[in-house]
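Could you build the full structure based on these sequences and the hints that come with them?
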Amino acid sequence: MSARLPVDVYSPDQIGIVLWELDKLISALRDTNTRSVVTGSESVAAEHHVSALLLGVLRTSGISERDQVALESLQAELQTVRSSAPVAHFLLSALPNRNFKRELVAWCRQNLHENLLVTFATRGDLGGGFVLRVGSKQYDFTYRAQLLNDKKRLVEIFDNVR
Amino acid sequence: MDTLQIVMLAGLILMACISFASLAWASFLDGKYRNRPSPKHYAVHVEGVNVFSEEDIAAAKEEAQAGFRKAVTDSVGAIEPALTSSISTISEKAEEMAKITLSQEFEKYQSSFAALREETIKEFGELQKQIDARRDQLVIDMEAQFKKQQAERMDAFNTRIADVVSSYLVEALDKGVDLGAQSKYIIHTLEAHKEDIKKDVLS
Chain A
18 MSARLPVDVY
28 SPDQIGIVLW
38 ELDKLISALR
48 DTNTRSVVTG
58 SESVAAEHHV
68 SALLLGVLRT
78 SGISERDQVA
88 LESLQAELQT
98 VRSSAPVAHF
108 LLSALPNRNF
118 KRELVAWCRQ
128 NLHENLLVTF
138 ATRGDLGGGF
148 VLRVGSKQYD
158 FTYRAQLLND
168 KKRLVEIFDN
178 VR
Chain B
232 MDTLQIVMLA
242 GLILMACISF
252 ASLAWASFLD
262 GKYRNRPSPK
272 HYAVHVEGVN
282 VFSEEDIAAA
292 KEEAQAGFRK
302 AVTDSVGAIE
312 PALTSSISTI
322 SEKAEEMAKI
332 TLSQEFEKYQ
342 SSFAALREET
352 IKEFGELQKQ
362 IDARRDQLVI
372 DMEAQFKKQQ
382 AERMDAFNTR
392 IADVVSSYLV
402 EALDKGVDLG
412 AQSKYIIHTL
422 EAHKEDIKKD
432 VLS
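Going line by line, the protein sequences match chains A and B.
Start counting at 1 in the first sequence, then tack on 17, and there's your number in my numbering.
Start counting at 1 in the second sequence, then tack on 231, and there's your number in my numbering.
Calculated directly from the structure, the hints in this document are not laboratory data.
Some hints could be false.
As the list claims (entries may be wrong) - Quick list of in silico lysine to aspartate or glutamate cross-link-like pairs, EDC-like style, CA-CA up to 20 Å:
1) A:Lys118 x B:Glu422
2) B:Lys360 x B:Asp372
3) B:Lys353 x B:Glu336
4) B:Lys430 x A:Asp157
5) B:Lys425 x A:Glu131
Stated by the list, open to error - If you want a taste of the chain B side facing chain A, the calculated C-beta under 10 Å gives, among others:
6) Val238
7) Ala241
8) Gln381
9) Glu383
10) Met385
11) Ile392
12) Asp394
13) Lys430
14) Leu433
Since this is a predicted model, take the numbers as computed values, not measurements.
Glycine is no exception: its CB is placed at the ideal position from the N, C-alpha and C atoms.
Next comes the structure, spelled out in structure tokens:
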């Protein structure tokens, strides 16, 4: 089984939160199982609050929140993903809304890597466009850089100014 | 005492006798030669004899001088034409040699002058070539430098203009930046550089 991340879970910090919740959930399940062994009665699983993030991961991976073994396996896989999956850092002029984030993450996972992690940051003086950093490589796709890279376009713009 | 000893003693006595006789004979001869008389040296002076008188000697001298003058005069008279012709011949020869030498020297001078001229022309040609090459190189360098400066100025201008445009965008949009309007541009840009980004992601 390989962990599949939903588009809503895209950053290393979010995976950290999911892992923390998973740990709590697994501990609760262990407590319940231990209690049933000690009392000898059929254990009734206590209702445990699961966040939307973890729920999304569980649904995407097709795992029940009461399956302790599968949860432990998922925990190990998520730890592996957090430590080894590639990360793309987007620097934008403003924070994107949820839909745009989903769109970007989906595009990245579809075209670049299935478990690519993404972070978003903002810089007010960027103007327009974005900067993407992957590993040690940085791509400057800001409007300013585009203008500098395409000098003919810059000349055309000035020609059109009357 | 054996025979040998007797013979030796007799020999010694004989030798002593002979030595004594020799000494006596030598002293006799010495006395004999000391009494011999030594030879005498005599000084002999022969007085000279006057054969000619003073007058005869003067007349002979005068006659000898006259004869000598006549012989010299005759000799000069005989030598003068030969000497004159020799002088003219020598002068002609000298003139001829001078002409030959001068013409030879002049030819040498002319050839040297021609060679010098050729060399000068050649050196001037080389100099001209070097000047032309240097001028061409300077023109090329100046053009390259001009182009480089032009490119640098254009880059600086473009950077400045891009900063102006970017600043204008920031000022104009302020907090009203709409990423939704940029979403197409962002996705389109990602699509355009997908392969490069993918390489970096997988590396």
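Now the hints, each set against the structure:
no., hint, in the structure
1, A:Lys118 x B:Glu422, "16 Å, holds"
2, B:Lys360 x B:Asp372, "18 Å, holds"
3, B:Lys353 x B:Glu336, "25 Å, violated"
4, B:Lys430 x A:Asp157, "17 Å, holds"
5, B:Lys425 x A:Glu131, "14 Å, holds"
6, Val238, "140 Å, violated"
7, Ala241, "143 Å, violated"
8, Gln381, "13 Å, violated"
9, Glu383, "14 Å, violated"
10, Met385, "8 Å, holds"
11, Ile392, "6 Å, holds"
12, Asp394, "7 Å, holds"
13, Lys430, "9 Å, holds"
14, Leu433, "7 Å, holds"
In this structure, the earlier hints numbered 3, 6, 7, 8, 9 are contradicted, and the remaining ones agree with it.
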